[in-house]
Amino acid sequence: MKRLFWQAIFILFLFSGCTVNNKTGLIIISNLSDKKIENIKIGDITISYALNKGEKADFWFNNGLKGKISASGTDSVMALYGCYDETNSRELTFYKDDPECHFISNYQYTIDIHKINGKYSLVANSGYKTDSYETGISTMDFPAR
Amino acid sequence: MKKIFVFVSIVLLIGCSVNENTGLITIKNSSSVSINLTLGNTKYYVPAGGKYDCWFYQSFSGKINGNYELSLPYVASGYDDASGDVIYKNKEEAGFKTGYKYNVDVFGVWVNTGNYPSYETAQIIYAREGIKIGANVLVDGDGIHYPGNL
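Quick mapping for you: the protein sequence lines, in order, are chains A and B. Using my numbering, the first residue of the first sequence is number 6, and each one after it goes up by one. Using my numbering, the first residue of the second sequence is number 161, and each one after it goes up by one.
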């Protein structure tokens with residue numbers, strides 16, 4: 006009976022998952038290309054050992070991650086960069102090639118692997134932070150530095 | 161009993177992959193309020209700051225809404241060649257196809273309701289474009305699917 010209880014708790018844990026907060030962040034890695042991609046890393050940290058075509062993986066992290074994104078079998082890395090255009094009072098975003106990236110806790114990011122014009126590209130997109138009751142607004146972070 | 165437990169655990173841990181018979185919608189809730197998101201005939205509960213993977217095995221179209229007074233669904237419906245932007249339309253219907261991976265992002269924003277207090281938190285629901293698994297994006301004509309086109 007006791008064993009059954011713990012098994013039920015384990016299954017519930019697998020179903021319930023986690024939420025991002027000020028100590029944890031999430032990167033959702035999706036392989037949208039037509040081949041297996043291995044050893045996906047940020048800096049020296051492996052965030053996925055292998056992703057077959059059509060597979061996805063969730064990488065939860067504490068505090069933050071820094072470094073360049075890399076993977077075996079890909080041709081390029083692009084990460085979204087954001088800056089504020091003071092003159093025209095607007096936010097500008099564009100993709101940087103192979104930049105240093107920072108992933109911050111409290112944000113949900115996506116990294117997609119695409120086949121674009123025959124080349125395999127790792128694309129890091131903006132991260133979204135859950136809004137606080139104080140601000141009421143979800144904020145964005147751009148991983149490229 | 162032990163065998164069933166091991167089997168269920170392995171299935172849950174291994175997960176699935178998108179192919180011609182399956183599709184995936186990843187719902188991410190970045191608002192401070194949980195959401196009961198209606199997609200077609202099914203409701204999905206996602207807590208604030210949480211995510212949910214919605215696997216489906218048949219293409220479907222139907223309602224998309226947050227079942228909340230201030231839910232604002234915006235559905236990717238096309239592409240503007242001039243600006244390079246995806247066009248989002250404020251509509252409550254979307255279609256999703258197997259073989260594609262979609263994202264639905266939920267954000268919190270302040271909106272002016274005209275009542276006191278004037279501003280309240282609303283939830284914007286963005287149904288993003290789907291990418292066909294294995295497609296050579298920008299080359300294959302069917303590499304991207306816009307759910308607003310049903």
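Hint data in this document are derived by calculation from the structure and do not stem from the laboratory. Just so you know, even glycine gets a beta-carbon here, dropped at the ideal spot from N, CA and C. One should not assume that every hint holds.
[Claimed, not checked] Label-pair restraints from in silico Cβ distances:
hint, chain 1, residue 1, chain 2, residue 2, range
1, A, ILE50, B, ASP241, 33 to 41 Å
2, B, GLY301, A, TRP65, 31 to 39 Å
3, B, LEU230, A, LYS73, 23 to 31 Å
4, A, GLY78, B, GLY222, 33 to 41 Å
Open item on the list: Looking only at beta-carbon atoms, does the pair LEU230(B), LYS73(A) fall within the given range of 23 to 31 Å?
Closed with: violated, 41 Å
- [ ] Given the range 33 to 41 Å, decide if the beta-carbon distance of GLY78(A) to GLY222(B) lies inside it.
- [x] holds, 38 Å
Open item on the list: 31 to 39 Å was suggested as the range; check whether the CB atoms of GLY301(B) and TRP65(A) agree with it.
Closed with: This hint holds: roughly 37 Å between Cβ atoms.
Open item on the list: Please check whether ILE50(A) and ASP241(B) have a Cβ separation lying inside 33 to 41 Å.
Closed with: holds, 39 Å
Violated hints amount to a single one, hint 3; each of the other numbered hints is respected by the structure.
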